[in-house]
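Peer 1: Spelled out, the chains give:
Protein chains: 2
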Amino acid sequence: MAEVSELAGIVGEAHLLTGDDIGDDYTHDEALTATPQRPLAVVRPASTADVAAILAWATAHAVPVTARGSGTGLSGACIPRADGILVSFERMADILELDTDNHVAVVQPGVTLHQLDEATAAVGLVYPVFPGESSASLGGNVATNAGGMRAVRYGVTRHQVLGLTAVLATGEVLRTGGKFVKATSGYDLTQLIIGSEGTLALATEATLRLHPRLTHGATILVPFPTLEGVAAAVPRIVGSGLMPTILEYIDFITMSAITSAAGLELGVPEDVKAGALAYLVVVLENRSDDRVEEDTAELAELVTALGALDVYVLPPGAGAALIEAREKANGADDIIDLVVPRAAIPQYLSEVQAIAGASGSLVVGCGHAGDGNVHLSVFQPDAAVRSDVVGRVLSAGVALGGAVSGEHGIGTEKKKYLAAIEDPAKLDLMRRIKTAFDPAGVLNPGAIFD
Amino acid sequence: MAEVSELAGIVGEAHLLTGDDIGDDYTHDEALTATPQRPLAVVRPASTADVAAILAWATAHAVPVTARGSGTGLSGACIPRADGILVSFERMADILELDTDNHVAVVQPGVTLHQLDEATAAVGLVYPVFPGESSASLGGNVATNAGGMRAVRYGVTRHQVLGLTAVLATGEVLRTGGKFVKATSGYDLTQLIIGSEGTLALATEATLRLHPRLTHGATILVPFPTLEGVAAAVPRIVGSGLMPTILEYIDFITMSAITSAAGLELGVPEDVKAGALAYLVVVLENRSDDRVEEDTAELAELVTALGALDVYVLPPGAGAALIEAREKANGADDIIDLVVPRAAIPQYLSEVQAIAGASGSLVVGCGHAGDGNVHLSVFQPDAAVRSDVVGRVLSAGVALGGAVSGEHGIGTEKKKYLAAIEDPAKLDLMRRIKTAFDPAGVLNPGAIFD
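So the protein lines, in turn, are chains A and B.
The letter at position 358 of the first sequence is residue 783 when you use my numbering, and the numbering goes up by one with no holes.
The letter at position 112 of the second sequence is residue 537 when you use my numbering, and the numbering goes up by one with no holes.
Treat the hints loosely; a few may be bogus.
Claimed, not checked - Output of the computed footprint for chain B on chain A, the stretches with three or more beta carbons under 8 angstroms from beta carbons of chain B:
#: 1; segment: 516-524
#: 2; segment: 565-572
#: 3; segment: 606-613
#: 4; segment: 843-851
To be verified - Computed from the model, here is a short list of chain B residues facing chain A with C-beta under 8 angstroms:
#: 5; residue: Pro637
#: 6; residue: Pro766
#: 7; residue: Val829
#: 8; residue: Gly831
Hints in this document: simulated from the structure, not taken from any laboratory.
Here the structure is a predicted model, which means the values were calculated and not measured.
Just so you know, even glycine gets a beta-carbon here, dropped at the ideal spot from N, CA and C.
Make the full structure from the sequences, and use the hints.
Peer 2: Given below as C-alpha cells:
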C-alpha cells in the first residue's frame, strides 16, 4: 500500500492535505446529481515538474488521480475517488505570456476565465469562450472542451487551444502544437487531449488563440409565435453573414422564470408576451457603432419577414443582465446539454415534450440555437423515473443525429447514458486509446466510461 | 500468401486492376522527391461496405493498404507499396447532401474541391478551404488536414470537418461527430483521424461545415522595403478586426518569378519594385461593396503608417491571377511548408538564408503570413546536400516553436526529418495510438513514421 505522505516530498507538507484538512470544496463540483467524495489526499503542485512527479508516483503505486481546476464542472468529472488523490491546480494560476504579436496567451490550468478576460481586455484582445461561469479555470475548460453562447461565432475551447504542455500518467511531459493555428506533423495530440476530462493526460500549460476584441455591439430580443419560427430563422440569420456573436433561443417558460428571478424588465408589452412561445436573443458586434446599427436594421428586417412578433434592442444593462440570468442554475433536478443538428431543434423539443408528459415530468429549456446545443432542465424528484426520462430524452436526440453532451461533458454523471446509447465499437476504441496514454489506468478512472 | 484476385468478389472484376492495367497515375502523387511505386492491385470501391470488406480482407491477410483521392498530395502519403493494394476513391465522388438549414455538406472522399465549390456557390454558401489545387479530393484534404491561403480567416480542414464515417483496419465502420460544431461526448475521434494521412482509418463520408459566401471583395498588393516591415504589419492587420480572407507574404525573388512566369503586370512602378524586398497580398471580403471600400481605405491607412511603399488595389482579374500563380509549383528540387509563430517569420527567414548560403543552395519563398506557414522552394541538385539543408531548415523552425509541416503533411518524404526532430516520447505515443486503431499495421505503413 502506497503512503500518500510520500507526496509531501514533491509538493511540501503545506500542500499535501489529508483527513480533516481536506475542505468540503474539494469533494464535489456543480453537478446536480453527484455524491461528494473525500479523496485520500489533496495535492497542490506548483509546476509541471511537480505534476510529473505526482503522476509517476501514482502510476508506480496504481493510485487513481483526479484533476481539479475551479470545480465548476457540471458532470462530476473532477470529483475525486475515495481510493485516489486529487490534484488541485490552485497554485498554478499564472498567465505566463500574453503575446500580442502572435495573438496568443500561454496560461497555467488554474487561471480563471475572468482573470484572462481582464488581462486580454487591457491589450484589445479577447479569449472568446464564455461558458457562463467566469470563475471556471482554463484547465477545466480544456478538460471539458467548454463552449458557451459565443460558439456560434468563435467555436468552442477546441478551436482556441493551439498547444499544450501535458503530463502523461507515467510522468512523461509532452509539448503539443504551438503558437500557430495549423500543423500536419503527426497525430493531433492537442485535440485528442481536449475534452478527454482528465482521463488521458493532465494539461499544465495551454497556448490559447486570442481574437481582436470588438467593442461595439447590441443585444436584440425577438419574440416569435412558435419555436418552429425561431428554428427557421436561425439558418437565415447565420446565412446572412451578419455573424452574430450570440444566437440563443429561450422558451417562454424559461424566459418568464429568468426575468422574474432576475427582476428584469425587458420592455416587451403584455400582449406580445402572451403570443410569444419562444424568443431569440441575438448579440451583434462589429467594428463601429455605425456598422452595428446597420446590421441591427438588417436583422430586424430579416426576422420581421420571417414572422417575428416584434424586435427589441435592449438597453446595454438589460441585455447583459438577460445573458447573465440565462446562464444561472434554476433549481432543476437534473440538467441536459445535448446537441442536435440545429434544424432538428423543433422536432426534437416536441419529442422531448412527449417524453416528459408521459412520465409526469417537466422539461423546459433554452439553448444555443446557432449550434444546436439544447439546454434542458428536468424537474422530476423521483430518481428512477428521472433517470429513465433523461435516458429517453438523450436517446431521442442521438437518434436525430445528435450527441449526448455539447459542452458539459460526460464525467461520472452521464456515462451510463453514453454507455447505453453510444456504438460499443467506438467506446472500445476509446478504451484502447486510453490505454495507449495511461497503461496503468490511473487518470480519472470511472469518468466517461467504466 | 493472399490472392488479390479475391478482391474482385467485393468490387467486381472491372474495378480490380492488376499488372499492366494499373496506370502510371496510380503510382505517384505530386511530391518532388518520391519514387513512383506500382502496387499489387488497385481496388475501386463504390461504397462504405466495399471499403469495410476490403480492409477486413487486408487485415486478415496482413496486406498494406494505401488510400488515394486525386493524387495531388505533396508528401508521398498516397504512394502505394509494392506489397500492398491501393484503394482509389474515384467511384465514391458524390455530394450526398447539401443541407442549407444546418449549413453542412456530406461528401464522399472522391469529391473534388472544384465540384464542391460549384455546388455550394449555387446556394450562396462556401466551403472555405482553398489549398490551391481545386482538383484535390476532400478525402485527401481530410487525410492531410489541408490548409491554404484562407486559413487566416476560416482555419483549415480540421476546423470544417464536423463528422466522419470512417472504416477501421478491421472493417468496423464508425460514425463520428455530426451536423454540429461541438460535442464533448468522449474522445474526439474526428479530429484524431483528420491529418492522420491514412494511417488510422479510411474516411468514406465527411460532414463539412459551410459558411455564407461573401461576394464582395478586393485584392490589395502592398510592397514593403523589408520583410521585417511585412512581419510587423501582420499582427496589426489581424488585430484591426478587418478579418482578411487572405494575408500572404511573397519575397521579391518569388514575386518576380511568378509575375514573369504568369505574364502578370500588376502596375507596380519600377522604382517601387526596386525598393521592395517583400510584398503583402491581402484579400478583404465583406457583405457589400461599400464595406469593402471602407475596409480597403482603413487597411491602406494602416499599412502606410507601418512603412508600406505604396498600396495597389488590383483589378479583379490580376488579383485572381496573382493568387493562382502564387500556388503554382516552380521547378524547385524540394519544397518545405514549415509553420512557425508568425512573429518569428523574419528571424526564421534570416536563419534560413544563412543555412542556404553556407551550403551553396538557393532557398526562396512566400507564405501564409497570417498563420506563420512558410513555403520555401529549395534549389539544390545534390540529394545529400539538399537533405542536409532541408533538415537544418526544418530544425531551425522547430527550434523557434514551429512544426515540420503546416499543411502538406509528413507522408513518406518528410518522415526522416520528423524522426530526427520530434520528441521520441510523442512519436512513441503516436505509435501506440496507431496500434489502438490498426493492430495489424496495414493502414499506410511507412507514412508519418516507421
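Peer 1: Go through the numbered hints given earlier and state which of them the structure violates, listing their numbers in rising order.
Peer 2: 1
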